[in-house]
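Colleague: Work out the full structure, taking the sequences as your base and the hints as a guide.
2 protein chains.
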Amino acid sequence: MASPAASGEAEPPVLPALLLFRRRLDATFHAALRRRYRLLDFFASGEPLPAFLAGAAASLDPPRAAGVVGGGAVRVDAAFLDAVPSLGFVFSTGAGVDHIDLHECERRGVAVANSGTVYSSDVADHAVGMLIDVLRRVSAAERFVRSGLWPVQGDYPLGNKLGGKRVGIIGLGNIGSLIAKRLQAFGCVIYYNSRRPRDSVPYKYFLNVHDLASESDVLVVACALNKDTRHIVNKDVLEALGKDGIIINIGRGANVDEMELVRALKVGRIAGAGLDVFENEPKVPAEFFSMDNVVMTHHVAVFTSESRSDLRDTTIGNLEDFFSGKPLLTLVLPWS
Amino acid sequence: MASPAASGEAEPPVLPALLLFRRRLDATFHAALRRRYRLLDFFASGEPLPAFLAGAAASLDPPRAAGVVGGGAVRVDAAFLDAVPSLGFVFSTGAGVDHIDLHECERRGVAVANSGTVYSSDVADHAVGMLIDVLRRVSAAERFVRSGLWPVQGDYPLGNKLGGKRVGIIGLGNIGSLIAKRLQAFGCVIYYNSRRPRDSVPYKYFLNVHDLASESDVLVVACALNKDTRHIVNKDVLEALGKDGIIINIGRGANVDEMELVRALKVGRIAGAGLDVFENEPKVPAEFFSMDNVVMTHHVAVFTSESRSDLRDTTIGNLEDFFSGKPLLTLVLPWS
Chain A
1 MASPAASGEA
11 EPPVLPALLL
21 FRRRLDATFH
31 AALRRRYRLL
41 DFFASGEPLP
51 AFLAGAAASL
61 DPPRAAGVVG
71 GGAVRVDAAF
81 LDAVPSLGFV
91 FSTGAGVDHI
101 DLHECERRGV
111 AVANSGTVYS
121 SDVADHAVGM
131 LIDVLRRVSA
141 AERFVRSGLW
151 PVQGDYPLGN
161 KLGGKRVGII
171 GLGNIGSLIA
181 KRLQAFGCVI
191 YYNSRRPRDS
201 VPYKYFLNVH
211 DLASESDVLV
221 VACALNKDTR
231 HIVNKDVLEA
241 LGKDGIIINI
251 GRGANVDEME
261 LVRALKVGRI
271 AGAGLDVFEN
281 EPKVPAEFFS
291 MDNVVMTHHV
301 AVFTSESRSD
311 LRDTTIGNLE
321 DFFSGKPLLT
331 LVLPWS
Chain B
1 MASPAASGEA
11 EPPVLPALLL
21 FRRRLDATFH
31 AALRRRYRLL
41 DFFASGEPLP
51 AFLAGAAASL
61 DPPRAAGVVG
71 GGAVRVDAAF
81 LDAVPSLGFV
91 FSTGAGVDHI
101 DLHECERRGV
111 AVANSGTVYS
121 SDVADHAVGM
131 LIDVLRRVSA
141 AERFVRSGLW
151 PVQGDYPLGN
161 KLGGKRVGII
171 GLGNIGSLIA
181 KRLQAFGCVI
191 YYNSRRPRDS
201 VPYKYFLNVH
211 DLASESDVLV
221 VACALNKDTR
231 HIVNKDVLEA
241 LGKDGIIINI
251 GRGANVDEME
261 LVRALKVGRI
271 AGAGLDVFEN
281 EPKVPAEFFS
291 MDNVVMTHHV
301 AVFTSESRSD
311 LRDTTIGNLE
321 DFFSGKPLLT
331 LVLPWS
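The listed protein sequences derive, respectively, from chains A and B.
Heads up: the first sequence runs through residues 1 to 336, numbered per the UniProt record's numbering.
Heads up: the second sequence runs through residues 1 to 336, numbered per the UniProt record's numbering.
These are calculated hints, taken from the structure and not from any lab test.
Even glycine gets a Cβ: it sits at the ideal position worked out from N, Cα and C.
Be aware that a few hints might be false.
[Said to hold, decoys possible] Calculated pairs, DSS-like style, for lysine-lysine (alpha carbon to alpha carbon, straight line, at most 27 Å):
#1 B:Lys266 to B:Lys161
#2 B:Lys243 to A:Lys181
#3 A:Lys181 to B:Lys161
#4 A:Lys181 to B:Lys266
#5 A:Lys204 to B:Lys181
#6 B:Lys161 to B:Lys227
[To be verified] Covered stretches of chain B, as calculated for chain A (at least 3 residues, CB under 8 Å):
#7 138-150
#8 160-168
#9 210-223
#10 278-287
Modeller: Following this line, the structure appears as structure tokens:
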């Protein structure tokens with residue numbers, strides 16, 4: 001006897017609607033979502049956001065349930081949530097949720113989950129790599145060698161040793177903790193600042209970032225972006241860090257006052273910087289381009305094929321849990 | 001009563017002669033040596049080596065005792081030792097002693113010391129930095145950002161995760177061990193090859209480099225250069241490493257068959273390379289200049305201001321020990 005599927009008589013399964021706000025999705029990820037959900041793809045629609053959301057909300061089966069949002073090009077704010085009252089869950093494909101108004105979500109009972117720790121070790125690796133690069137002048141040496149200068153120009157400024165450096169980490173969450181663990185293996189001394197001291201760590205805690213900077217050779221920005229951490233590295237903090245100090249930012253561009261950072265580097269008020277994030281991405285201050293003591297990457301600290309496949313699993317896991325009423329894997333909201 | 005020095009009547013102290021073969025020496029280091037020794041500086045002399053050595057040997061106080069040699073521009077071989085029979089000690093300012101004929105030194109009772117572990121942690125740091133750079137495409141991203149491509153070109157190849165990678169280390173001496181310790185903190189699996197298995201390490205030992213390469217995602221060359229390790233990474237080893245494999249070389253350029261490495265990278269037989277050393281320094285094969293998956297630095301893995309000052313202490317410590325008949329700090333020869 002033919003199975004219902006083979007007989008062609010079965011109804012096609014009704015897939016739940018999923019609002020999708022992600023500009024680029026690899027083919028495997030896209031296929032995995034398409035098999036499970038009816039995708040309402042904002043960037044593919046070409047519509048302005050209000051029209052797109054209104055259309056989705058007016059459909060027979062409105063996205064009563066789930067959205068996938070990432071990248072920060074679209075903000076999930078009150079207006080967004082008002083437009084799609086059926087929404088009960090927002091998943092961020094990034095670790096950061098600064099593009100989601102958590103307060104508005106909580107007020108409406110919309111659950112929020114994020115990519116959890118999928119990216120943590122990659123971001124920590126990237127931070128350490130950039131720190132070694134800045135201290136040891138790897139990218140600068142790269143340019144020196146590729147331009148053919150080695151055989152013709154002997155002198156080259158010395159780098160600095162990583163061992164023994166006092167590294168102040170702003171934000172000792174998953175990523176910050178993994179950075180600390182790695183840098184301990186290099187013989188660094190770890191200090192940190194975060195909202196509150198952590199019980200289980202042996203590192204010295206600083207109540208404020210200014211004092212942390214005064215005592216540190218290196219500042220690593222590894223905190224989330226919110227109103228308290230916007231420009232947490234400002235002019236005063238840069239001054240406290242001092243002329244031999246180095247900034248590494250793998251958090252968000254706006255954690256650092258970029259204009260002040262440019263100034264501090266220009267006049268040698270700090271020694272160097274490793275930056276994966278910028279205040280107005282993809283725009284990068286042109287002043288950096290001529291600085292040999294700055295290492296820049298284009299927000300790729302999470303960018304590995306391994307983390308991409310882990311993200312796929314985490315995304316689908318959270319969505320399936322939401323649709324089947326199970327507890328979410330990597331819940332951000334509600335705070336309970 | 002005036003002291004003898006102040007009275008101007010004392011003989012100036014007779015400083016022991018020191019043959020110096022180092023092209024560049026920072027002012028502090030030079031002054032520290034000059035205070036203690038009568039420097040016979042080969043590169044400052046402008047003489048050909050045989051004439052310089054003959055002149056030194058014919059002086060009233062021939063360098064009966066010590067030489068400082070580094071950099072590899074001058075080889076301490078039988079002819080060198082024959083020319084200065086007064087010599088009893090050769091100090092290498094590098095970790096490598098491939099520019100010193102250890103056999104000829106031993107045969108004549110000439111002691112050899114080197115920079116010991118002064119550079120080990122810096123070289124290990126540099127190796128790890130280059131590995132992260134190659135895997136995560138840091139220098140390539142740097143070029144991408146600096147050329148202003150970020151705002152205009154969206155797609156960019158993904159990097160690869162460091163965690164979980166099987167790293168095969170060739171040579172588990174001071175430097176290799178420090179590389180292993182660091183990479184363990186990143187979640188790498190450590191394998192190694194060396195002349196004989198080490199008792200005290202938990203890493204899997206491979207009797208030959210070919211088998212090590214077959215089982216590894218990354219090969220790190222951290223061995224000394226001698227006749228057994230010349231081209232220890234050859235065509236077969238590169239093939240065994242395979243198309244996703246990465247080579248890091250912080251040993252000596254000639255540990256790797258460079259022509260075969262160029263070929264393997266060109267056709268994608270391996271995935272990438274991080275190279276601090278080259279076979280014919282300062283010449284670098286021009287083919288590398290157009291490869292985005294190669295990270296090159298100009299033999300600067302030891303190049304920090306901290307190691308420079310440690311080297312000064314180690315050099316003077318060894319020389320003073322030799323001249324006062326004490327056991328040498330970082331003896332290479334005699335093997336006892």
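Colleague: Does each hint fit the structure? Answer for all of them.
Modeller: Hints versus structure:
Between Lys266 (chain B) and Lys161 (chain B) the CA atoms are separated by roughly 23 Å; this keeps the pair inside 27 Å, and the hint holds. Restraint check: the Cα-Cα separation between Lys243 (chain B) and Lys181 (chain A) comes to about 31 Å, which exceeds 27 Å; the hinted pair is violated. Straight-line distance between C-alpha atoms of Lys181 (chain A) and Lys161 (chain B) comes to about 17 Å, which keeps the hinted pair within the 27 Å bound. Between Lys181 (chain A) and Lys266 (chain B) the alpha-carbon distance is near 37 Å, which puts this suggested pair outside the 27 Å criterion.
For the suggested pair Lys204 (chain A) and Lys181 (chain B), the alpha carbons sit about 23 Å apart, so the restraint of at most 27 Å is met. Among the hinted pairs, Lys161 (chain B) with Lys227 (chain B) is inconsistent with the structure: their alpha-carbon atoms are about 35 Å apart, more than 27 Å. Closer than 8 Å: that is the beta-carbon criterion, and the region 138-150 of chain B has 9 residues meeting it against chain A, so the requirement of 3 holds. For the region 160-168 of chain B, the assignment as covered by chain A holds, since 5 residues bring a beta-carbon within under 8 Å of that chain's beta-carbons and 3 suffice.
Chain A is given as covering the region 210-223 of chain B, and this is violated because 0 residues of the stretch bring a CB closer than 8 Å to a CB of that chain, at least three being needed. Proximity of the region 278-287 of chain B to chain A, defined as three or more residues with a beta carbon under 8 Å from a beta carbon of that chain, is established by the 4 residues found.
Consistency note: the structure conflicts with the earlier hints numbered 2, 4, 6, 9.
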